[in-house]
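Chain A: place on chain E using the hints.
Note that the protein sequences, when read in sequence, are chains E and A. Everything in the first sequence is counted per this note's numbering, starting at 1 for the first residue and increasing by one. Everything in the second sequence is counted per this note's numbering, starting at 1 for the first residue and increasing by one.
These are computed hints drawn from the structure, not numbers from a lab. Ideal placement from N, C-alpha and C gives every residue a C-beta, glycine not left out. Take the hints with a grain of salt, since some may be wrong.
Claimed, not checked - The calculated label-pair distances, taken between Cβ atoms and stated as ranges, are: (1) H234(E) - R20(A): 23 to 31 Å; (2) R20(A) - K100(E): 52 to 60 Å; (3) G59(E) - R98(A): 20 to 28 Å.
As the list claims (entries may be wrong) - Just so you have them, the derived chain A footprint on chain E, three or more residues with Cβ under 8 Å: (4) 59-67; (5) 260-266.
What follows is each chain in one-letter form.
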Amino acid sequence: LKSAAAGFVNRMKVGPTVLAAFARRPSEVAWPKRFAPFLCAKGGDIEVEIRREPIPRPGDLLFESEGVWRAYRQPDSRLLLTFRVGRTIYKAALLDRAIKGGEVYFPRPLRGAPAPRSALQFPLDEMLFQHRWAQDGLLEVHSCGVLDRSGVLLFAGHSGAGKSTLARIWRQHAPAARILSDDRVLLDPRRPAGVRAFGTPWHGTGRFGSPASGGLRALFFLEQSAVSEAVRLHPAEAAARLFTRSFPPIWDRDATERVVKACGDVAERAPAFLLRFRKDESVIDIARQAGQ
Amino acid sequence: VARPAPDSVDLNATPRRSWRVVSRLVAGEHILVPLASRGAEIDSIFNLNPTGTFIWERIDGRKTVREIASLLSHDFQVSAPRAEADCAEFAAQLLEVRAIELSDTP
Numbered sequence: 001l002k003s004a005a006a007g008f009v010n011r012m013k014v015g016p017t018v019l020a021a022f023a024r025r026p027s028e029v030a031w032p033k034r035f036a037p038f039l040c041a042k043g044g045d046i047e048v049e050i051r052r053e054p055i056p057r058p059g060d061l062l063f064e065s066e067g068v069w070r071a072y073r074q075p076d077s078r079l080l081l082t083f084r085v086g087r088t089i090y091k092a093a094l095l096d097r098a099i100k101g102g103e104v105y106f107p108r109p110l111r112g113a114p115a116p117r118s119a120l121q122f123p124l125d126e127m128l129f130q131h132r133w134a135q136d137g138l139l140e141v142h143s144c145g146v147l148d149r150s151g152v153l154l155f156a157g158h159s160g161a162g163k164s165t166l167a168r169i170w171r172q173h174a175p176a177a178r179i180l181s182d183d184r185v186l187l188d189p190r191r192p193a194g195v196r197a198f199g200t201p202w203h204g205t206g207r208f209g210s211p212a213s214g215g216l217r218a219l220f221f222l223e224q225s226a227v228s229e230a231v232r233l234h235p236a237e238a239a240a241r242l243f244t245r246s247f248p249p250i251w252d253r254d255a256t257e258r259v260v261k262a263c264g265d266v267a268e269r270a271p272a273f274l275l276r277f278r279k280d281e282s283v284i285d286i287a288r289q290a291g292q
Numbered sequence: 001v002a003r004p005a006p007d008s009v010d011l012n013a014t015p016r017r018s019w020r021v022v023s024r025l026v027a028g029e030h031i032l033v034p035l036a037s038r039g040a041e042i043d044s045i046f047n048l049n050p051t052g053t054f055i056w057e058r059i060d061g062r063k064t065v066r067e068i069a070s071l072l073s074h075d076f077q078v079s080a081p082r083a084e085a086d087c088a089e090f091a092a093q094l095l096e097v098r099a100i101e102l103s104d105t106p
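Here chain E stands alone, though its shape is the one from the complex (with noise of 0.2 Å):
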């Protein structure tokens, strides 16, 4: 623990940030077995502690995703993130305005009510990542990743979109290329030497995630079609198409404003197109056409 003699820490390193939680038990700071290409032994960008106390009384609210979580500012400030089942706050997390510390919520569940064991239980250990970014100018977008050749190619799509199955495509007919995730990718584009592309944990169902990374090389946003072909976008269009395929605190000014920087730098340094597809090979030279 941060504040105590005895306990573990879990860390997990995601792009160039890395999660450090700490707990009395190792089973509340527990990642899947799958995140184990994540798992590293040293740092904290994000520092969390397990408590399993009560949960915050919430202050005002800023966001509801009307799904599992809300957003809440805190009277000192802090932002309070509440997780549901059903009409019951399971957890939260409780976390500095820099999204640098702060501590997660995790009482012992009632008897007879559902109790999952790691406190740090998706979606919690992504939005941690995501809310660090967004102050960081960093992008994580709803996307799968192929390290291909010399550079990466993103494939930008919600959820149908047609991920996965590229993924499989690319795996299957191009088995050099390493696909960094077929969900989600994150993008740095505050190197001057380009923007670097890094895949992460979280996966589609073609269960692709690699912490590999490579330089962006072609951004295409996925529109199933009888034929595949590509066809240019305007940066300013591709910036948009980023934004809603991203995951902005999008109740935050400041931080918003960041995440469309972030989309505008990615658009204006790489191209983009919209990738029309046929669901067979052909989809991967028309790739790697469009982005030499």
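What follows is chain A alone, placed relative to chain E:
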């Protein structure tokens, strides 16, 4: 009952950008992103064409719609009535999506 949005705004009105919208110039065109407080509100991002970008960049809370139209007329070589009609209609669209607010007509 929702009232239909007006087709245009008063030329003497003074528009200012809403704090609830984030904008960014990308390769010569602006994108507008409305902030949201509910998941269901995340539905729209707006791309402005070069004329829309020209108008957006001159919305500063001081110039009236008529003054912006005058600048548009000069830079884009269109008649004053045409520029005023375009500006007023475009401002109405921005107002409808809550990208701007209007100050009282002087």
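Do the hints match the structure? See the list:
A hinted range of 23 to 31 Å holds for the C-beta pair H234(E) and R20(A), which are about 25 Å apart. At roughly 27 Å, the beta-carbon separation of R20(A) and K100(E) lies outside the given 52 to 60 Å, and the hint is violated. Separation of G59(E) from R98(A) is about 25 Å and conforms to the stated range, judged on CB atoms against 20 to 28 Å. With 7 residues having a beta carbon nearer than 8 Å to a beta carbon of chain A, the segment 59-67 of chain E meets the requirement of three or more and the stated coverage holds.
Here the segment 260-266 of chain E counts 4 residues with a CB under 8 Å from a CB of chain A, which clears the bar of 3, and the coverage holds.
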